[in-house]
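Asks: Once you've looked at the hints, dock chain U against the given chain X.
Chains as they are written, first to last, in this note's numbering: chain X, 196 to 597; chain U, 185 to 480.
Calculated cross-link-like contacts (lysine-lysine; reagent style BS3-like; alpha-carbon spacing at most 25 Å): (1) Lys-424/X with Lys-448/U; (2) Lys-292/U with Lys-367/X; (3) Lys-424/X with Lys-384/X.
By construction, these hints were calculated from the structure, which means they are not laboratory data.
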Amino acid sequence: MNLHEYQARQLLSRNAVALPPGDVCDTPEGARTIAEELLAQGARRLAVKAQIHAGGRGKGTFRDGFQGGVKLCVAAADVYDKAKAMLGNVLVTRQTGPEGRLVRKLMVAAAPQIRKELYLAVLLDRGCSRPVIMASTEGGMDIEEVAARTPEKIVREPVDPALGFMPYQARKVAVALALKGEFIGQGAKLLMGVFKTWWECDASLLEINPLCLVDAGDGKEALMAVDTKLSLDDNALYRHPDLQAMRDLGEEAPLETEAAKHNLNYIKLDGNIACLVNGAGLAMATMDIIEHFGGRPANFLDVGGGATQDQVAAAFRIIVQDANVKGILVNIFGGIMDCNVIAAGIVAAVKETGLRLPLVVRLEGNNAHTGRQTLAASDLTLVTGSSMADAARKVVQAVGPK
Amino acid sequence: MSILVTPQTRVLVQGITGGFGARHTQLSLAYGTQIVAGVTPGKGGQLFENEVPVFDTVAQAVKETGATASAIFVPPAFAADAILEGVEAGLDLVVCITEGIPVNDMVKVKRALEGKGTRLIGPNCPGIVTPGQGKDSHGGCRIGIAPGYIHKPGHIGVVSRSGTLTYEAVWQLTCRGVGQSTCVGIGGDPVNGTSHLDVVRMFDADPDTHGIIMIGEIGGAAEEEAAEWIGKHCRKPVAGFIAGASAPPGRRMGHAGAIVSGGKGTAAAKIQALKAAGIAVAPTPSEMAETLLKRM
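Next up, chain X with everything else stripped away, as it sits in the complex (with noise of 0.2 Å):
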């Protein structure tokens, strides 16, 4: 699950971490206010910043031609233009689609004046399974960018969990940031606050980009997290309910909030060839063929291992719903469940959605002769395939090319 900006921040905030004043609205007044108040505080210059769930927002384009989700301003009225443009607008950026964002909600922030711009994160290192800081001097770009030109720019300091991150692994990296005197301190504070954000929320990823040395006025200077993006481990929500209710369904995809209401895990993609299977791994496999016979995948669905007849229901209700289908194939390797439960359950769901479309299915494994007699004594036009690469060969010849 991700989070929004103005979220991140106010779970960043418990913990000390310094970020520029600034808070949420959803209206133009509501911005406005927001930004009489921090000029008020002695702000010389403000962000509108567009809250949604994706990347690239400031060299983003809104659906109407207006230009960035991220915009800079001096004076209340024009925060209050700025957010008039955006509030209500679709938003596309290069992590979006073109399909994307409808803003709902901007952050108005102070801006101030960027001396140096710094990168932190906190994530899994899968390697050594612990969480590792990454930090590098290059901030403000695209950290893959920066991996691959100048992966020397890059530090990296894994946390023993049966310590936590210490403070003098914190003041390593504050120096790796080349951080000189008293931000050595700060820094080192700034940062494990970050990681105790991290490891508090059970994140999967939090990343400060850009961490910010900004002039704080009279000549002098302090460290900020300007820039804020958190992702959460979808397993361990069940002991949060606090971020759970931060959970903004806006951002999601219908269908697949629909699907994990029946258990069922769904993934829209741009193909026009749906499958349903049972098994993760499976059903990528599944996907992966279909593109090996030169079909594309319009989805990614698992139903589970012991999928139920209403599931399977379901998971057709959902697939169909999806314009861009052309045709369906249905790939079960049926270990332990029955494959006749799995058969009846196409049976029923193509009857009840009246399903006019090509549909191909591979039934495997426990009972699987009965699940393809009882397809055979239905009267539904389905071709059978023998095996995955059959069946597959058979979708996408149904469909046509791509």
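Replies: The following block gives chain U in isolation, referenced to the frame of chain X:
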């Protein structure tokens, strides 16, 4: 022979009285596996299916029955604790089937396992099967949720992160009359107890394993790590398959660990690493057995 377990291995089940645990314990008993004890706190003294004694703690079960391996079927919130209880009781092998354990729980478990004699398989895995000599491989050791009857005793080792893809590979072998030494599902989570490499090394050292099918998927670098070792050291033919070539980056494909993030863990990079190590890569998941048999 086989790796990790033999038909004689004495197995206990943590969470034996829960619906999921009970169902699969019945199936393992029917398969002929030596299920010698169950553990459910508060239900000590009961008998499961009128034959398997239930204990309150793993330590009691080990002491009374001599169990050396455990299957864990407890819900995700309690699974890390259950693993550590098995480790403290001195089990040789703990197989955690549970899906949905918080990653940070597993980070702590993995740290606690350092220096301990217990091997953890999983979590979020189908478990282990060493096929038996009876009809439909009856009499084997089945720890977990894999269908027993699809196996056949023989000499191919299968290791995979995915359950259904393991069954697919096993069934392809069995249908061609080729049996398996042991089949190991290591699980689809980003932090697990045993890696592809760990299992491949065991297969390489097992005189009864003559060839290996290694099934991987997007995310992490465990397949690359195993491939590098295979290229340098493995004395047995290996076929591989990597799932997820068609998966979009940044999306978690069912398994918590199956995600391409930051351009890392792509199927293309893994396939390249496998090929560079001389592993025969199956072009489709339908040809896993065939690819290995051609190589042997």
